[in-house]
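Each of the two chains sits in its own frame; use the hints to bring them together as a complex.
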Amino acid sequence: MSDTVTSERTATGSAAAGPATGRSRSLLKPLLLAVGFVILLLVPIYVEEFWLRTGFAVFGAAIGAIGLNLLVGTTGQLSLAHAFFLAVGAVTYTFVAGEPGGVATEVGGLGLPPLLGMVLGVLLAGLAGLLFSPVAARLRGIYLGVASLGLVFIGIHLLNTWEFVTGGFNGRIAPDFSLFGFEFSNNASYLAIAGVPFREAERLWYLGLFLAIGAYWFAHNLLRSRPGRALQTLRDSEVAASVMGVNVQGYKARVFLVSSMYAGLSGVLLALSIGSIAPESFGLLVSIQYLAMVVLGGLGSVGGAALGALFVSALPLVFQRYADIIPLVSASRTDPGIAPGEAARFLFGAAIIVIILYEPGGLAGLARRFRRPGRPGGGRNASPSSAATSSSTSTVPSDPPAQGSTT
Amino acid sequence: MTQFLSLLFNGISLGALYALIALGFVIIFKSSEVVSFTHGSLLLLGAYSIARLSDTIGFLPAVIFGLAITAAAALIVERLIINRLRGAPVISLAIVTIGVDIIILTELTRRLGSDILNVPHPWGGESFRIGDVGISQNRLVATIVAGILIAAFFVAFKYSSWGVAMRASAEDGETAALMGIRQGRVSAVSWVVAGVLAGVAALFLVGAPTPGVSPSAYAVALRAFPAAILGGLDSTGGALVGGLLIGLAESFAAGYQEQILFLGRGFGEVVPYVVMIAVLLVRPSGLFGTKELTRV
Chain A
9 MSDTVTSERT ATGSAAAGPA TGRSRSLLKP LLLAVGFVIL LLVPIYVEEF WLRTGFAVFG
69 AAIGAIGLNL LVGTTGQLSL AHAFFLAVGA VTYTFVAGEP GGVATEVGGL GLPPLLGMVL
129 GVLLAGLAGL LFSPVAARLR GIYLGVASLG LVFIGIHLLN TWEFVTGGFN GRIAPDFSLF
189 GFEFSNNASY LAIAGVPFRE AERLWYLGLF LAIGAYWFAH NLLRSRPGRA LQTLRDSEVA
249 ASVMGVNVQG YKARVFLVSS MYAGLSGVLL ALSIGSIAPE SFGLLVSIQY LAMVVLGGLG
309 SVGGAALGAL FVSALPLVFQ RYADIIPLVS ASRTDPGIAP GEAARFLFGA AIIVIILYEP
369 GGLAGLARRF RRPGRPGGGR NASPSSAATS SSTSTVPSDP PAQGSTT
Chain B
19 MTQFLSLLFN GISLGALYAL IALGFVIIFK SSEVVSFTHG SLLLLGAYSI ARLSDTIGFL
79 PAVIFGLAIT AAAALIVERL IINRLRGAPV ISLAIVTIGV DIIILTELTR RLGSDILNVP
139 HPWGGESFRI GDVGISQNRL VATIVAGILI AAFFVAFKYS SWGVAMRASA EDGETAALMG
199 IRQGRVSAVS WVVAGVLAGV AALFLVGAPT PGVSPSAYAV ALRAFPAAIL GGLDSTGGAL
259 VGGLLIGLAE SFAAGYQEQI LFLGRGFGEV VPYVVMIAVL LVRPSGLFGT KELTRV
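Protein sequences, first through last, are from chains A and B. Start counting the first sequence at 9; every next residue gets the next number (the numbering used here). Start counting the second sequence at 19; every next residue gets the next number (the numbering used here).
The set of hints was computed from the structure by calculation and includes no laboratory data. Beta carbons: idealized from backbone N, C-alpha and C, even for Gly. Please note that the accuracy of each hint is not assured.
Stated by the list, open to error - Here's a subset of chain A near chain B, in silico, CB distances under 7 angstroms, partners left out:
| # | residue |
| --- | --- |
| 1 | Leu-86 |
| 2 | Ala-145 |
| 3 | Arg-146 |
| 4 | Gly-158 |
| 5 | Tyr-214 |
| 6 | Leu-217 |
| 7 | Ser-245 |
| 8 | Ile-296 |
| 9 | Val-303 |
| 10 | Arg-353 |
| 11 | Phe-354 |
| 12 | Leu-355 |
| 13 | Ile-360 |
Chain B extracted, bound-state conformation (with noise of 0.2 angstroms):
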C-alpha cells in the first residue's frame, strides 16, 4: 500500500509535468496549426540555460532569463518560420518544426557532451515523508508550480482578452480575422506561452529523482507528445487528463517493474506510448478530441 500511493504521488507529480509541456503543445496546435516537434528541444534548452546560468548569476535570476531564452527561442521560431508558412499543409509545418528540432538539439547535444549539468534547485534533493510515503521534494514543489500555472492558465484561456481571442481563432480563424483578431499575435502569444511552460517542466524534470541536465532529458520531453495526443490534440484539457494517465502509467510502470519483468526491463519508458497507441485504436482523435466528421 505504501509502495503504491508513493507511487501515485510520482505519478500525479510528473503527469503534471508532462500537462505543463502537452499544454504548450495545444495551444500551438489550435492557434496556428502546428504540431510543433520542436518542443522538445525547446524544453532542453531550457533546462540548460537554467543549469549554465545559475553557476554564475544564481538561481532565481537563472530561472528568470532561462524561461526567457526558451520564450525567446520559441518567438523566433514562430516568427521566421511559422508565420511564413501561414495556411501551408499541417504536415509541411510539422516537418519544418522537426528541422528546427534537430538543430537546436545537435547544438545542445554537443554543448553538453557527455556532462551531466546539476540544476542547484534550493530546494535540494531530499524526499518529503508523510509517515512511510515519501516523494521527493522537488517533485513535490512541481506539482504545486504545476497546479498554480495550470489554474492560471485555464482562468487566462477563459476570461482574458487572449484567451477569447485565442479559441476565437481556432474556432475559426477567417471570421476572427475579419473581426479584427491578429492571428499574428494570437500565434506569437500562444508559442511564447507553450515556450515558458515548457521551460517550466524543464525546471523541475531535471531535478531530482533525475540525475540533471543531459540530453536524456529530451526522451523524458518527448513521452509528453503522447499526453498531447492522448487527450485530443485540440483540447487543453485532454492535455491535463492526457499528462496525468501518461504520468501514473509511467510511474506504476516502474515502480511495479518486477512484476511486470516479462515485458522487458526499463518497461516504464516505454508505457507511454503503449498507452497511447491503445487509446488511439480506439479513439482516433484522442479522449476529448473533436471528432473530424464527413460524410460522403
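With the rest of the complex left out, here is chain A (with noise of 0.2 angstroms):
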C-alpha cells in the first residue's frame, strides 16, 4: 500500500525535476559515491595518525548513531539508554578476548579470539536489549525515555562493582583487535603499503570503513524493506499500523534488538578506540551524545547519522588538538578559556536547540533542501516542529524511498 504511494510520489518529483536531471542524477550518485569510497580508502596514506585515529572513533560512533536512529527516528521511540548497550558490547569485548590479570584489581578474561569477542558482544548488547524490550514494546514514548534512564544508571552501577569482569571503577585494559592472525596494534609484523608503514591507526581506520559501511548499507536496506515501512507506520501511528497488520509489540521488540545490537558493535569499537573500559566512558552523557548526533543528523535519515556522529565525536578531539589556535578555548584547566569538552558540548548543546526549533530535519533536512530548489518558499507547515519525527509529511517528495512512505 505504501509503496504505491511512494513510487507515484517519486515519480512526481523527478517529473518536477524533469527527465534529464533526472536521468543524470541516477548516474552520478554512484559515481559519487565510488569517488568518496576511493579517496576514505586511500585517506590513510596521506593523513597522519591523529586524524585516522578521529575517523576509527568517528565510525564507531556512526555505527552506534545509525542503530540508534532506527530506534528514536524511524520507530519514534525515544531511548536514552544507548551507553548501556554501548558498554555490554564493549565489556563482552574486552571480557572475553582479554586474558586474566590485572595491575590493581583481579580481573578475568577467557583469551578467546578477539573476532569471537566482537560477534559475542554484538550478541549479548542484542540478548540485553531483547530482555529490556518488554519493558521498551509496552512503554509509550517518553516513558520509555526516563525509563532507559534507568538502565544507564545500573549499567554504571555494574561497571563499578562487577570488578571481576569489568575492573571496576578504574577499568581494564580492551585486547588489540585481530582477524584470523592479522593483528591491528603496533607491535604486528611490518607492513608498509606506498612507502606507508601500517601500523594500529592506519589498520583500524579500514576495521571502521568497513563496519561503519556495512552497518550503513544494512540500515539503508532495512528502511526499504517491509519491516522498515512497518516501523516508520508505528512512528506515526501506532494505532494506524496495527490496523494495517502490523504487530506493534514485536515489531518494537525487534527494533530494539536490531538498535542495540548496533549500539553493541559501536561500543567494541569505542573500547577498542580508546584502548580501556572504564565506567565513565559509558555515562549518561555518552546516551546524550548520541542523541544529539541523531538529531543532529536529521531523525530518520541513516546518513543523517553518519554526519551528525562526525560532527559530535570529532568536535572534542579536534577542540583538544587545535585548542591553542581557537579563540576561548584552552587546554589546561587553570586558564579562563573553556575546556575542549566543554566547549564542544556547548556547542552541541545548542545546536540540537537550534535545530529543533528551525530545521527539524536536521542535516539531512538542510541537504535536501539545497538540492531541491524548486521547493515552495512557504512549505513548512503552521508548526515548524510538527515534521521533527516524521521528517517526509511535508509536501516535499523526500529523495530516499524510505522517507516517503509515511502516509
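Rendered as C-alpha cells:
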C-alpha cells in the first residue's frame, strides 16, 4: 500500500525536476559514492595518525548513531539507554578476548580470539536489548525515555561493582583486535603500502570503515524493506499501524534488538578506540551525545546519523588538538578559557536547540533543501516542528524512498 | 528497630524532597506536554546560586534570590523555546530540553570545578534526636517545609483560578482555549512554579547529610525522574506517592547495604531506577497515570 504511494511520489518528484536531471543524477550518485569510497580508502596513506584515530572514533560512533536512529528517528521511541548497550558490547569484547590478570584489581578473561569477542559483544548487547524490550514494547515514547535512563545508571553500577569482569572503577585494558592472525596493533609484523608503514591507526581505520559501511548498508536496506515501512508507520501512529496489520509489540521489540546490536558493535569499536574500558565512558552524557548525533543529523535519516556522528564525536578531539588556535578554548585547567570538551558540549547543546527550533530535518533536511531549489518557499507548515519525527510529511517529495512512505 | 525507624524518617524526608521535584515535573508535563529533562540542571542552578549568593548577601536573601533565579531560568526556557514549539511531537520537546540541560549543566560544572560549595543553613548540620532515633535537622526542616508546600500546592491546584485553568487545559487544551484560558500563560506559570519547587528542593538537598553543592547534586535530582514516572507522569498525587516510595527505597537500600552487599556497594543510588523499571513492567503508565486506551 505504502509502496504505491512512494513510487507515485518519486515519479512526480523526478518529473518536476525534469527527466534529464533525473537520469543524470541516477548516474551521478554511484559515481560520487565510488569516488568518495576511493578517497576514504586512500586516506591512511596521506593523513597523520591523529586524524586516523579520530576517524576510527567517528566510524564507531556512526555505527551507534545509525542504530539509535533506527529506534528514535524511524520508530519514534526515545531511548537514553544507548550508553548501556555500548557498555555491554565493550565489556563483553574485553572479557572474552582479554587475558586474565590485572594490575590493581584481579580481573578475569577468556583469552578467546578477538573476532569471537566482537561477535559475542554484538550478540549479548542484542540479548540485553531483547531482555529490556518487554518493558520497552509496553511503554509509550516518553515513559520509555525515562525508563531507559534507568538502564544507564544500572549499567554504571554494574561496571563499578562487577570488578572481576569490568575491572571496576578504574576499568581495564581492552585487548587489541586481530582477524585470523592479522593483528590490528603496533607490535604486529611490519607492513607498508606505498611506503607508508601500516601500524595500528592505519589498520583500525580500515576496520572501522568497512564495519561502518556495512552498518550503513544494512540500515539503509532495512528501511526500504517491509519491516522498515512497518517501523515508520509505528512512529506515525501506533493505532494506524495495528490496523494495517503491523504487530506493534513485536516490531518494537525487534527494533530494540537491532538498535542495541548496533550499539554493541559501536561499543566494541569504542573500546578499541580508547584502548580501555572504564565506567566514565558509558555515562548518561554518552547517551545524550548519541541522541545529539541523531537529532543533528536528522531524525530518520541514516546518512544524517553518520554526519551527526562525525560532528559530535570529532568536535571535542579537534578542539583538544587545536585548543591554542581556536579562540575562547584553552587546554589547561587553570586558564580562564573553556576546556575543549566543554566547548564541544556547549556547541552541540546549542545545535540541538537550533535544529529542533528551525530545521527539524537536521543536516539531512538542510541537504535536501539545497538539493531542490524548486521547493515552494512557504513549504513549512504552521508548526515547524511537526515534521521533527516525521520529517517527510511535508509537501516535499523526499529523496530516499524510505522517508516518503509515511502517508 | 532504631535503625529501621531512623531509616524510615530519613526516607520520608528524602521522599518529600523528591516529591517536590517530581511535582514540578508533572505539572510541566500536564500543562505543556513537555518531559523536562532540564529539571536536573535547574535544581543545580538553584543550589549554586543560593550557595554563591549567601556568601555576600546573607542566607535568607540568598534563598529568595536563588529561587527567583531558578524560576526565571525556567520561565526563559519556556518563553524562548517551549512556547515556540507548541504542538510539536513529545519527543522533540523532550530532546530540546536535553539540549538546554547540556548547556546549563556544562556551565555550572565548569564554574564549580572540583569545589564543593557550602550552603550556610541556619539550622546547621546537627541531628535531632527522639530517643535513639536521629534525623538531621536539615532533613527535619525539609520535611516540614516540603509538607507545607505540597499541601499549599494541592489547595492551589484545586481551588485557585490558575489550578482550575491548568486542570482544564490538561483535560482538553483546545476547549480550554475556546473558553478563554490562555494556554501560554498556564504553561508559563507552571514552569515558574516547577522552577520554584526545584529551587526549594535544591536548598535542602545540598544540606546535611549531603556534603554541599557539587555536580553530583545533579545525579540526585535525576532520581526524581523515576519518582514522577512511577506515580504516573500526569498525576500530581502520583508524584507525591512516587517521591515517597523512591525516597524510602533509597534510604532502606543504603541503610541495609551490608545485608544486600551481593548487589554491590552503592546500590542505594540505583534502587530508584530498579523500582521504577519493576513498576513499569506491571503498570506501563505508572501507578496513577492515565491509561491510554486504544481500540483497534
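Verification of the supplied hints:
A cut of 7 angstroms between beta carbons decides the hint on A/Leu-86: the least distance to chain B is about 5 angstroms, and the hint holds. Look at A/Ala-145: its Cβ only gets to about 9 angstroms from chain B, farther than 7 angstroms, so that hint breaks. Because the smallest distance between the Cβ of A/Arg-146 and any Cβ of chain B comes to about 4 angstroms, under 7 angstroms, the interface hint for this residue holds. Contact between A/Gly-158 and chain B, as hinted, is supported at the beta carbon level, the nearest pair being about 3 angstroms apart and thus within 7 angstroms.
Against a cut-off of 7 angstroms between C-beta atoms, the interface hint on A/Tyr-214 is violated, since the closest Cβ of chain B lies about 34 angstroms away. About 30 angstroms separates the beta-carbon of A/Leu-217 from the nearest beta-carbon of chain B, more than 7 angstroms, and the hint is not met. A distance limit of 7 angstroms between C-beta atoms decides the matter here; for A/Ser-245 the minimum to chain B is near 10 angstroms, and the interface restraint is violated. A cut of 7 angstroms between beta carbons decides the hint on A/Ile-296: the least distance to chain B is about 6 angstroms, and the hint holds.
Because the smallest distance between the Cβ of A/Val-303 and any Cβ of chain B comes to about 6 angstroms, under 7 angstroms, the interface hint for this residue holds. A cut of 7 angstroms between beta carbons decides the hint on A/Arg-353: the least distance to chain B is about 4 angstroms, and the hint holds. A distance limit of 7 angstroms between C-beta atoms decides the matter here; for A/Phe-354 the minimum to chain B is near 6 angstroms, and the interface restraint holds. Given hint, A/Leu-355 at the interface with chain B, is violated; its Cβ is 10 angstroms from that chain's nearest Cβ, farther than 7 angstroms.
Residue-level restraint check for A/Ile-360 holds (minimum Cβ-Cβ distance to chain B is 3 angstroms; threshold 7 angstroms).
In the structure shown, a violation is registered for the earlier hints numbered 2, 5, 6, 7, 12, in ascending order.
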